[in-house]
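K.L.:
The residues making up each chain are set out below.
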Amino acid sequence: MSGRIAVLVFPGTNSEDETLRVLRDCGGDAELVHWSSPERLAGYDAYVLSGGFAHEDRIRAGAVAAHDRMMDYVIQGAQRGKLVFGICNGAQIVLEAGLVPGTGAIRKPTAAFTHNAPAPHFVCRHVYMKLAIEPARCAITASLPRDALVPSWAAHGEGRLAATSKHLDEIVTGGHLAFVYAHADGTVDDAAVPNGSALRCAGLVNREGNVLAIMPHAERDAWNFNHLERSDSGDVLAPSGGSIIFRSFVEAVSQL
Amino acid sequence: MTRAIAIGLKIPDNTAYTALVALRRLGVAVEGVERNEVFFFDDDGDVAALVRRVKADETIFNPNKHRLEVLAQAAPRPGELWVEPLERAPNRAAAVAWRLTDARGLPASSQVLEAAADRLLCNPAIDRARV
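In the order they appear, the protein sequences are chains A and B. Numbering (the working numbering) for the first sequence: 1 to 256. Numbering (the working numbering) for the second sequence: 1 to 131.
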């Protein structure tokens with residue numbers, strides 16, 4: 001297997017341990033890299049930005065982190081074809097950095113994951129993300145089946161995709177809408193959306209297909225012990241549920 | 001008439017300090033940053049009565065940490081940049097007022113305010129900046 005994965009830790013990141021663990025359980029060669037040593041990032045082939053409150057979400061969620069020195073390496077890496085996977089707060093950072101949907105300039109965001117609607121409150125709710133693109137459109141989803149459902153937990157106060165109508169049109173026509181919220185049977189409607197997200201968006205991909213940002217935490221439904229639909233038999237520590245997206249990511253890294 | 005009330009922290013404002021450090025790192029010539037949340041009220045009555053009502057609403061004002069100022073106009077003052085959400089939501093401020101000062105302690109120029117909005121303080125997908 002080739003490909004080293006860095007899980008970034010900003011001041012305020014809080015989901016790095018479970019993200020690291022699921023990546024390793026899916027066969028990935030993953031390590032934590034802290035903000036105090038950003039230069040280490042040059043030696044990795046893929047980057048995962050996990051959940052939390054980087055830089056305490058000051059100013060806007062992801063706004064300060066998008067200008068952190070670690071993001072200089074992530075942006076340069078993305079431009080050279082390295083894989084970047086943002087989850088929840090990591091997705092907000094990737095979006096503020098302009099890497100997704102990638103329809104504007106770097107660090108000039110054309111959209112935002114912003115305050116939930118109709119009530120601008122934190123939500124914690126089990127959800128399903130449905131793959132809304134052809135799997136091969138994004139390297140990170142390439143090993144998923146068509147229309148894959150990824151069980152996850154939405155746990156955010158600022159997860160609603162918002163943009164001007166022009167930029168929402170660009171997201172649709174450019175094939176950037178990677179995941180939408182769905183029910184367990186795969187049907188898609190507004191009742192499945194926990195936060196009022198435009199386009200029922202749960203995840204975005206860039207034009208080149210090497211940067212993916214998802215708001216729900218797939219790593220919080222990724223082992224038998226925390227997978228809602230587990231059977232009572234089998235290893236409680238075995239990967240299941242939302243781990244399928246991390247397995248697909250690790251597979252993509254192995255092919256770099 | 002619409003009255004504007006600015007509510008800010010009287011304790012150290014970590015967000016404002018973060019903005020100061022980040023703006024300097026991004027090359028914006030600024031030496032001081034203050035931050036207030038601005039709320040609009042449609043009120044034709046006595047200003048003092050309005051202030052009493054606002055100060056009694058603990059969802060937006062905590063006397064232990066907040067100070068309050070009635071603005072003469074519902075518009076940015078010299079050296080101020082207002083970042084306003086494109087979509088107004090109930091119980092949220094109508095704007096975040098960033099007051100920037102230069103090395104002499106004077107209000108920042110409109111060019112500096114616009115640079116601060118463009119590089120950090122405003123995401124045009126969800127906000128508009130007013131100087």
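If you're looking for bench data, these hints aren't it; they were derived computationally from the structure. Being a predicted model, the structure only gives us computed values, none of them experimental. Just so you know, even glycine gets a beta-carbon here, dropped at the ideal spot from N, CA and C. You may find that some hints are simply not true.
Said to hold, decoys possible - Taking lysine to any residue and the SDA-like style, the derived pairs with C-alpha atoms no more than 20 Å apart in a straight line are:
1. A/Lys108 / B/Val112
2. B/Lys65 / A/Lys108
3. B/Lys65 / B/Pro85
What the hints assert, rightly or not - So the derived list for chain B, only partly shown, Cβ under 7 Å to chain A, looks like this:
4. Leu9
5. Pro12
6. Thr18
7. Ala19
8. Asn62
9. Pro63
10. Ala89
11. Asn123
K.L.:
Now tell me, hint by hint, if it's right for this structure.
P.N.:
Against the structure, the hints:
1. A/Lys108 / B/Val112: 18 Å, holds
2. B/Lys65 / A/Lys108: 34 Å, violated
3. B/Lys65 / B/Pro85: 25 Å, violated
4. Leu9: At 13 Å from the nearest chain A Cβ, leucine 9 of chain B fails the 7 Å test, so the hint is violated.
5. Pro12: 13 Å, violated
6. Thr18: 4 Å, holds
7. Ala19: 6 Å, holds
8. Asn62: Violated - the Cβ of asparagine 62 of chain B stays beyond 7 Å from chain A, reaching only about 19 Å at its closest.
9. Pro63: 24 Å, violated
10. Ala89: 5 Å, holds
11. Asn123: Holds, about 5 Å.
Checked against the numbered hints given earlier, this structure breaks hints 2, 3, 4, 5, 8 and 9; the rest are met.
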